Amino acid sequence: MKSKEFVEALINAYFEKTGNDLTDEDVSLFEYYLHDGVIPRRLAARVVHLFMTRILNIPDIDWDKALTLRDIYECRSCANAIAQVYQRGIMLPIDEDRFGLSEDVTPEVLERIIDRLYSMEL
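Mapping of the sequence shown onto the numbering used here: position 37 corresponds to residue 37, and the numbering continues sequentially without gaps.
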């Protein structure tokens, strides 16, 4: 799945679920990710985390459970985002103890992310 498709799907889901459009300022937060390259899970986690904190105003939580992921620190700048989406059950690991940072996101994974993101108690 392309990064641009992923971000646009999140934005469209926001409109569908809330009836609200994002402001231009909100959309600009995601400009870096609006490209035609494939989106790996580590970047998807960053986009979802940014969406959670900046658009949905969901605060970060402690992430002790995420420490069981043996690859969480392979991307130190992604670690908190990965932990937050994993800890909340929005993105599941590839294996029992591996998030799969470099694995590509599929449309099926995106659908599950959106479903879980909007089924959370906000």
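One or more of the hints may lead you astray.
[Said to hold, decoys possible] Estimated spans, in silico, between C-beta atoms of each pair:
1) Asn12 with Thr53: 30 to 40 Å
2) Leu34 with Met120: 33 to 43 Å
3) Asp21 with Asp95: 30 to 40 Å
4) Ile61 with Glu111: 21 to 31 Å
5) Asp24 with Arg98: 33 to 43 Å
6) Met120 with Asp21: 26 to 36 Å
7) Leu92 with Val38: 14 to 24 Å
Keep in mind that the hints were calculated from the coordinates and are not lab data.
Computed from a predicted model, the values in this text were never measured in an experiment.
Note that the Cβ used here is the ideal one computed from N, Cα and C, for glycine as well.
Verification of the hints:
1. At about 20 Å, the CB distance of Asn12 to Thr53 disagrees with the hint of 30 to 40 Å.
2. Our hint of 33 to 43 Å for Leu34 and Met120 is violated, since their Cβ atoms are close to 25 Å apart.
3. Taking 30 to 40 Å as the suggested C-beta distance range, the pair Asp21 and Asp95 conforms, at roughly 38 Å.
4. The beta-carbon spacing between Ile61 and Glu111, approximately 24 Å, falls within the hinted interval of 21 to 31 Å.
5. Between Asp24 and Arg98 the beta carbons are some 38 Å apart, a value that agrees with the proposed interval 33 to 43 Å.
6. Take Met120 and Asp21: their Cβ atoms lie about 21 Å apart, and the range 26 to 36 Å is violated.
7. Distance hint check for Leu92 and Val38: the Cβ-Cβ separation is about 20 Å, which falls inside the suggested range of 14 to 24 Å.
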